[in-house]
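According to numbering that gives the first Met the number 0, the sequence shown is numbered sequentially starting from 0.
Hints listed in this document are in silico derivations from the structure and should not be mistaken for laboratory results. Misleading hints may appear alongside valid ones.
[Unchecked claim] DSS-like cross-link-like pairs, simulated, lysine-lysine; straight-line CA separation at most 30 Å:
1) 80 with 10
2) 79 with 10
3) 10 with 56
4) 38 with 56
5) 38 with 79
In this text, all values refer to a predicted model and were calculated from it rather than measured experimentally.
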Amino acid sequence: MYSYLLEELSKAIGARLLISFDYEGENHLVEPHLLGQNKQHETCLLAWRTSRTDPQKQGWHCYLLSRLQQPKIMDERFSKKRPGYDPYDSTMSRIYYRI
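Given the sequences, and given the hints that come with them, work out the whole structure.
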């Protein structure tokens, strides 16, 4: 299951597809940009959270894959990298896949 999730998230990043999932009791819709391992050796997804109803919820978030629930790759695409994106993010000790 875990390797399948890594593979699917990598495909979503490559195709620039939105991802929906539950995280800490709340639904998130994100634009995935980078998949890797943080300095605590936890696999995580760096993504821009979108919100059509609450602009304060928009922005960069690092999601631990161990806490993602019910991930779903959407059919909707995003077209560009978000401001502030760093493909060599210094919070990551290892990068698996990135835009």
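Now the hints, each set against the structure:
1. Distance restraint check for residue 80 and residue 10: the Cα-Cα separation of roughly 16 Å lies within the 30 Å cut-off, and the hinted pair is therefore satisfied.
2. For the hint pairing residue 79 with residue 10, the CA-to-CA distance comes to about 16 Å; that is within 30 Å, so the pair holds.
3. This hinted pair checks out: residue 10 and residue 56 have alpha carbons roughly 25 Å apart, not beyond 30 Å.
4. Proximity of residue 38 to residue 56 is assessed by CA-CA distance (about 25 Å); at most 30 Å being required, the pair is judged to hold.
5. For the suggested pair residue 38 and residue 79, the alpha carbons sit about 27 Å apart, so the restraint of at most 30 Å is met.
When the structure is compared with the earlier hints, no violation turns up for any of them.
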